[in-house]
Amino acid sequence: MTTNVWLKHEWRDYRLTWNPESYDNICIMHIPSDEIWLPDIALYNNADGKYQITLKTKASVYPTGAIVWEPPMTYKSSCPINVQYFPFDEQSCSLKFGSWTHDGNQVNLTHIVYKDLEMARNLDNYRAQGVFFRDYYPNGEWDIIRAPATRNQKRYSCCLQPYYDITYALVLKRKTLFYTVHLIIPCVGISLLTFIVFYLPSQSGEKIVLCISIELALTVIFPLLADLIPPTSVMIPLLGKYLLFIMILVALSILNTIIILAIYYREEHHEKRMSVWMRYYFVEVLPPFLLLSSSQKQNQLEKNQNEKTKTFVKLPSDNTSDAIFSRMLENLLHLGEVERIFSKFDTAVTKNKNAHDWKHVALVLDRILLIVFTTVSLTGTIAILAQRKRSIISTIDLNNLNQGVFNACNYIHQY
1 MTTNVWLKHE WRDYRLTWNP ESYDNICIMH IPSDEIWLPD IALYNNADGK YQITLKTKAS
61 VYPTGAIVWE PPMTYKSSCP INVQYFPFDE QSCSLKFGSW THDGNQVNLT HIVYKDLEMA
121 RNLDNYRAQG VFFRDYYPNG EWDIIRAPAT RNQKRYSCCL QPYYDITYAL VLKRKTLFYT
181 VHLIIPCVGI SLLTFIVFYL PSQSGEKIVL CISIELALTV IFPLLADLIP PTSVMIPLLG
241 KYLLFIMILV ALSILNTIII LAIYYREEHH EKRMSVWMRY YFVEVLPPFL LLSSSQKQNQ
301 LEKNQNEKTK TFVKLPSDNT SDAIFSRMLE NLLHLGEVER IFSKFDTAVT KNKNAHDWKH
361 VALVLDRILL IVFTTVSLTG TIAILAQRKR SIISTIDLNN LNQGVFNACN YIHQY
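The numbering used here puts the first residue of the sequence shown at 1, with every later residue one more than the last.
Read the hints as simulated data drawn from the structure, not as lab findings. Certain hints may be false.
[What the hints assert, rightly or not] Pairs of lysine-lysine, BS3-like flavour, derived with a Cα cap of 27 Å:
no., residue 1, residue 2
1, Lys8, Lys96
2, Lys58, Lys8
3, Lys173, Lys241
4, Lys154, Lys96
5, Lys96, Lys175
6, Lys175, Lys76
7, Lys8, Lys76
8, Lys241, Lys175
9, Lys58, Lys76
10, Lys96, Lys76
11, Lys154, Lys241
12, Lys154, Lys8
13, Lys96, Lys58
14, Lys76, Lys56
15, Lys56, Lys8
16, Lys8, Lys173
17, Lys154, Lys76
18, Lys96, Lys173
19, Lys96, Lys56
[Stated by the list, open to error] Label-pair ranges, simulated between beta-carbon atoms:
no., residue 1, residue 2, range
20, Val181, Glu284, 48 to 54 Å
21, Gln161, Ser233, 38 to 44 Å
22, Ile248, Ile185, 18 to 24 Å
23, Pro231, Ile31, 46 to 52 Å
24, Val188, Pro230, 23 to 29 Å
25, Val376, Asn152, 47 to 53 Å
26, Gln161, Asp227, 46 to 52 Å
27, Ile382, Ile236, 15 to 21 Å
28, Asp227, Asn4, 21 to 27 Å
29, Val181, Ile382, 17 to 23 Å
30, Ile112, Pro80, 26 to 32 Å
31, Ile382, Cys159, 53 to 59 Å
We treat Cβ as the ideally placed atom computed from N, Cα and C, and that holds for glycine.
I would like the entire structure built from these sequences, with the hints used as guidance.
Here it is, written out as structure tokens:
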């Protein structure tokens with residue numbers, strides 16, 4: 001984490017005191033910091049090797065011996081990142097300051113005390129807001145939720161003296177607008193395209209093409225996600241879980257499409273007849289519940305239509321016995337041929353009916369998979385995105401802090 005701060009130091013040096021009345025009422029002096037004693041305050045969790053302040057600005061010295069030194073500094077501190085709820089995550093980064101060479105008996109670190117400030121009315125070792133945001137410029141990616149400060153005392157086994165440090169904790173909340181627009185909405189939109197696959201005709205081969213295209217589109221988004229989050233193998237981010245979930249569903253939809261096409265064209269490659277229980281459930285029972293027309297009703301309509309077009313053999317107008325016998329003899333001669341024709345016709349009708357039933361099974365199964373896919377997709381999306389942490393309202397004050405009337409001649413460092 002990169003932080004630009006003004007690290008304010010206050011201490012008292014009894015050697016730098018004077019009576020303002022003896023020096024033309026001079027109540028403040030600006031002395032180069034190289035000319036006075038400075039506390040060696042360093043950032044313990046530094047990440048770039050610059051532990052101490054490098055820019056030696058001037059210090060303000062007051063008649064009472066109080067010294068205020070506020071140098072600017074850019075710190076790069078190490079901060080553990082938890083990407084479990086990315087992009088709805090909150091991170092807690094700390095800045096641990098302490099004396100590099102002096103123990104607690106030589107340099108005793110305490111919080112700066114200001115009068116008439118709510119932030120100073122806390123326990124001695126804890127400040128609910130230990131960072132001043134007087135010159136804070138809002139960040140485009142993070143919001144600061146809390147910024148408490150804690151004074152810690154630690155004793156090491158090597159030394160009897162205590163060592164003090166002050167740790168500032170910055171609780172940051174990620175702004176989600178960028179990730180919602182560029183990642184979440186495209187992923188949800190691409191996943192919705194999968195529903196269109198089930199609305200295409202069962203015999204359409206473009207269903208597989210559409211599924212594979214959706215899978216490739218999700219694969220392209222994965223490198224974008226990897227570039228936006230810190231590389232870690234501890235856990236999978238929330239958005240990564242959602243992408244994996246959608247990719248698995250799309251892969252299953254490809255498998256379902258292959259199965260549907262195999263069932264639809266089953267009769268063309270296999271002459272095995274449909275089992276009784278399958279015909280009963282998939283052809284007669286399930287279609288009404290899935291808002292599909294029953295195959296039995298369609299067969300009945302075709303049968304009624306065929307009955308309307310039936311014709312009968314017309315008897316000869318000459319109803320003499322010779323004429324009737326002659327007609328019957330002629331019909332008997334063609335009986336064998338007619339029988340063969342009807343046999344082939346019956347076989348074709350049976351095969352077509354069986355093929356039609358398999359196509360109807362594919363249609364019913366496609367509708368069932370649509371319902372299952374929709375239920376699983378919506379349930380999984382809600383379950384994954386509902387894991388986001390509850391939003392925390394910011395408790396910091398970003399306004400300028402009012403310290404009241406400042407009298408330089410009587411300024412006393414508050415211990």
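Here is what the structure says about each hint:
1. Between Lys8 and Lys96 the CA atoms are separated by roughly 14 Å; this keeps the pair inside 27 Å, and the hint holds.
2. For a cut-off of 27 Å, the pair hint linking Lys58 to Lys8 stands: about 12 Å separates their Cα positions.
3. In summary, the hint linking Lys173 to Lys241 is supported, as the alpha carbons are separated by about 20 Å, within the 27 Å threshold.
4. The suggested pairing of Lys154 with Lys96 holds, with an alpha-carbon distance near 13 Å, which does not exceed 27 Å.
5. The hinted pair formed by Lys96 and Lys175 meets the criterion: a straight-line CA distance of about 26 Å does not exceed 27 Å.
6. Restraint check for Lys175 and Lys76: satisfied, since their Cα atoms lie roughly 21 Å apart, inside the 27 Å limit.
7. Between the alpha carbons of Lys8 and Lys76 the distance comes to roughly 18 Å, so the proposed pair stays at or under 27 Å and holds.
8. For the suggested pair Lys241 and Lys175, the alpha carbons sit about 20 Å apart, so the restraint of at most 27 Å is met.
9. Restraint check for Lys58 and Lys76: the C-alpha separation of about 24 Å stays at or below 27 Å, so the hint holds.
10. The straight-line distance between the Cα atoms of Lys96 and Lys76 is roughly 12 Å, inside the 27 Å bound, and the hint therefore holds.
11. Note on Lys154 and Lys241: the hinted pairing is violated, with a Cα-Cα distance of about 41 Å set against a maximum of 27 Å.
12. Restraint check for Lys154 and Lys8: satisfied, since their Cα atoms lie roughly 23 Å apart, inside the 27 Å limit.
13. Proposed proximity of Lys96 and Lys58 is supported: the alpha carbons are some 24 Å apart, at most 27 Å.
14. Among the hinted pairs, Lys76 with Lys56 is consistent with the structure: their alpha-carbon atoms are about 19 Å apart, no more than 27 Å.
15. A C-alpha spacing of about 13 Å is found between Lys56 and Lys8, which places the hinted pair at or below 27 Å, so the restraint holds.
16. With a C-alpha separation of about 26 Å, the suggested pairing of Lys8 with Lys173 holds against the 27 Å cut-off.
17. Only pairs whose Cα atoms come within 27 Å are accepted, and Lys154 paired with Lys76 is accepted, the gap being roughly 24 Å.
18. Annotation: proposed proximity of Lys96 to Lys173 holds, straight-line Cα distance about 20 Å (limit 27 Å).
19. Taking the CA atoms of Lys96 and Lys56, the gap is about 21 Å. The hint holds against a cut of 27 Å.
20. A hinted range of 48 to 54 Å holds for the C-beta pair Val181 and Glu284, which are about 49 Å apart.
21. For Gln161 paired with Ser233, a C-beta distance near 41 Å keeps the hint of 38 to 44 Å intact.
22. Between Ile248 and Ile185 the beta carbons are some 20 Å apart, a value that agrees with the proposed interval 18 to 24 Å.
23. Pro231 and Ile31 have their C-beta atoms about 48 Å apart, which keeps the hinted 46 to 52 Å range intact.
24. Between Val188 and Pro230 the CB atoms are about 24 Å apart, so this pair conforms to the stated range of 23 to 29 Å.
25. Checked against the hint of 47 to 53 Å, the pair Val376 and Asn152 passes, with Cβ atoms roughly 50 Å apart.
26. Between Gln161 and Asp227 the CB atoms are about 48 Å apart, so this pair conforms to the stated range of 46 to 52 Å.
27. Distance hint check: the CB atoms of Ile382 and Ile236 are about 18 Å apart, consistent with the given range 15 to 21 Å.
28. A C-beta distance of roughly 25 Å is found between Asp227 and Asn4, which places it inside the suggested range of 21 to 27 Å.
29. The given range of 17 to 23 Å is respected by Val181 and Ile382, whose C-beta atoms sit roughly 21 Å from each other.
30. At roughly 28 Å, the beta carbons of Ile112 and Pro80 sit within the given window of 26 to 32 Å.
31. In this structure the supplied range 53 to 59 Å holds for Ile382 paired with Cys159, their Cβ-Cβ distance being about 56 Å.
Hint 11 from the list above is the single one not met by this structure.
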